[in-house]
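Chemist: Residue-level listing of the chains:
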Amino acid sequence: MPVRVETFSQVEEAARALSSNQKARIYGGGTILMRSVNEGDQSFDTLFRLTDPTLKDIRSEGDRVLIGAAVTMAEIIRHRDLSFLADAARAVGGPAIRTTATIAGNLLAPPPYGDLATALVALGAEVRFAGQGSANVPIDEFMRDRESRKGSVVTAVSVPRLADPTALRFLKVTRVKPKGVALMSIAALLPRAGGRIDGFRIAYGNMGPTPLRVAAVERALEGSSLDEAGITRAAAVATEGLDPPTDALASAWYRREVAPVHLRRLLLGQTG
Amino acid sequence: MAQKPVQFTLNGEDKAAFASDGQNLLDMLRRGVGDLSPKYGCGQGACGACTVLIDGEPCLSCLTLAETVDGKDVATTSGLSSGSGIHPLQDAFMRNFAAQCGYCTPGMLMAAKALLDRNPQPSRDDVVEAISGNLCRCTGYEPIINAVLEASRSGASQPNG
Ligand SMILES: Cc1cc2nc3c(=O)[nH]c(=O)nc-3n(C[C@H](O)[C@H](O)[C@H](O)COP(=O)(O)OP(=O)(O)OC[C@H]3O[C@@H](n4cnc5c(N)ncnc54)[C@H](O)[C@@H]3O)c2cc1C
Ligand code: FES
Ligand code: FES
Chain A
1 MPVRVETFSQ
11 VEEAARALSS
21 NQKARIYGGG
31 TILMRSVNEG
41 DQSFDTLFRL
51 TDPTLKDIRS
61 EGDRVLIGAA
71 VTMAEIIRHR
81 DLSFLADAAR
91 AVGGPAIRTT
101 ATIAGNLLAP
111 PPYGDLATAL
121 VALGAEVRFA
131 GQGSANVPID
141 EFMRDRESRK
151 GSVVTAVSVP
161 RLADPTALRF
171 LKVTRVKPKG
181 VALMSIAALL
191 PRAGGRIDGF
201 RIAYGNMGPT
211 PLRVAAVERA
221 LEGSSLDEAG
231 ITRAAAVATE
241 GLDPPTDALA
251 SAWYRREVAP
261 VHLRRLLLGQ
271 TG
Chain B
1 MAQKPVQFTL
11 NGEDKAAFAS
21 DGQNLLDMLR
31 RGVGDLSPKY
41 GCGQGACGAC
51 TVLIDGEPCL
61 SCLTLAETVD
71 GKDVATTSGL
81 SSGSGIHPLQ
91 DAFMRNFAAQ
101 CGYCTPGMLM
111 AAKALLDRNP
121 QPSRDDVVEA
131 ISGNLCRCTG
141 YEPIINAVLE
151 ASRSGASQPN
161 G
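Chains as they are written, first to last, in my numbering: chain A, 1 to 272; chain B, 1 to 161.
Okay, chain B solo, but in the shape it has when bound:
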């Protein structure tokens, strides 16, 4: 089986891995470089649990051929907290009970981050649209929407803020 070298940055850190033929990015992140924050829910693009940012844009890592991120910048939930501090989005999720089982949370956080990076003051409809590709079987979505809106008011879009 052919192995292709892939060099990319993961949450700002240089990484090198080998992508096997047809391997998706989710698998390379989890098994190749040990970042277990993006989750495998369906492998079909339907659940959004595997959402990561590639060059700042939200993408489904299960539907992305791993070798296509060569030279790119990948961001996952692992990179949200800095030191012992958590990201305002994570904080807002906690305060709003936006995570129950938590399986959808990493994908929700990255979808929300993609929104706030581009649109720091979103409307409620903007938030619904931004997480429309992410399924949650626990919360009924309201707490998640409220958390994202609260984070936007507290300035979650500031770099590292």
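The shape of chain A in the complex, shown without the other chains:
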């Protein structure tokens, strides 16, 4: 049975309609949803298209940048205020995916996807929903109960504007060259204050049900200056408390074995 498509020019209206229709899905870029449509997925029967132009905005808000839900990977890569997100956005699919794939879709993408979302977790992004004004949900909280948010409409993602764009490092580990889905991705926020780094945030993609922060690694690094000893301490706890998946690319065992190696490379800056 084909899906029905309804178009909304007001996000709030779509949010109201979505809350009373379990079989409707928000259509972002459609790079995930259209695959389901093409193969006749019956778990939804309606697509909500949002044409509200504010969803395409990228604008400053104090010391943060607000990125509209429908902004694509290609638009992030091109935007001069978002250069710190370009590596992660470039890691998503090929060029014809990136012109279409949206930031909100990436936040909600199931494993093995969510490369940009991994960088957003490390950055300490916040997620904004329709019907909640300018109240933001911290991304850690968003990821913790992501499944239960399926009935809400994301309107924007707010990220801190990094004074030093190199403070965010991103690495995607894949087995297919030049492009493939992530075996794991790693993002690290390393804000320098004096000679030290203060407020490490480390996130992994495809090492659990959603992109997630790696508390054990953050603790091991805290107060260090990214020296050999600190990095070795961090690598030793690289997968502590995690339950990585087994999928077509790799087993959970393999992910545990290689995670410390890749984490180490990222922290040493050997990712070129």
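Think of the hints as simulated: they come from the structure by calculation, not from any bench. Some clues are possibly wrong.
In the DSSO-like style, the derived pairs of lysine-lysine whose C-alpha atoms are separated by at most 27 Å in a straight line are [what the hints assert, rightly or not]:
1. K177(A) / K15(B)
2. K56(A) / K23(A)
3. K23(A) / K4(B)
4. K23(A) / K15(B)
5. K150(A) / K23(A)
6. K4(B) / K72(B)
7. K72(B) / K15(B)
Given the structure of chain A, go ahead and fit chain B with the ligands onto it with the hints provided.
Modeler: Same frame as chain A, now just chain B with the ligands:
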């Protein structure tokens, strides 16, 4: 089943078609307006055979809801040649044996055109990146990469050139 009217330009020509519910752009192009140049390989975004340009940007037509191109400009391989002349990219593909079975070729050409329109003098790495979403089961890619580089040297990015 609801039918929605869609008006767009295809290779510079005005077109009108009806999009049925959930129909993808590839299907509308092939069955709705009879442009058979974009190919159906997977319907999953994985092969790139259906690559077209929408407002100049490379997109996978199998993953694009047909009705979203209303008011937009769509370009396919059918529009590359003018009269009896073929596009320099097509010429370079021929000379470099970049098409064997040819099934990937329309997608490769559009991905390459998107690159050259934006970056007329790409490096080899730029070319590899530009076709990284397009699969070819025949050539081993080298002839395709060489063809795109050769076309860039012969000025394929000139309008209609
Ligand atoms: C060939 C191929 C390669 C890919 N490679 C990668 C990759 O390397 N890395 C990667 O991370 N991803 C990859 N993807 C997956 C996908 O393209 C991206 O994750 C993309 O960002 C998803 O965004 P979208 O807008 O296309 O999502 P959609 O398909 O539109 O939506 C995905 C989900 O998000 C929901 N949604 C979308 N927008 C909103 C909103 N505003 N509010 C609430 N819910 C919303 C939808 O309802 C749906 O459940 C790939 C996909 C394909 C087909
Ligand atoms: S048919 Fe569209 S990517 Fe394969
Ligand atoms: S020439 Fe046969 S798939 Fe590329």
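Chemist: Each hint should be assessed against the structure and marked as holding or not.
Modeler: Hint check:
For the given pair, K177(A) sits about 39 Å from K15(B) by alpha-carbon distance, which is inconsistent with the 27 Å threshold. For the hint pairing K56(A) with K23(A), the CA-to-CA distance comes to about 25 Å; that is within 27 Å, so the pair holds. Restraint check: the Cα-Cα separation between K23(A) and K4(B) comes to about 21 Å, which is no more than 27 Å; the hinted pair holds. Among the hinted pairs, K23(A) with K15(B) is inconsistent with the structure: their alpha-carbon atoms are about 33 Å apart, more than 27 Å.
Taking the CA atoms of K150(A) and K23(A), the gap is about 11 Å. The hint holds against a cut of 27 Å. Restraint check for K4(B) and K72(B): the C-alpha separation of about 15 Å stays at or below 27 Å, so the hint holds. Distance check on the hinted pair: K72(B) and K15(B) sit about 10 Å apart at the alpha-carbon level, within 27 Å; holds.
In summary, the structure is inconsistent with hints 1, 4 from the numbered list given earlier, while agreeing with the others.
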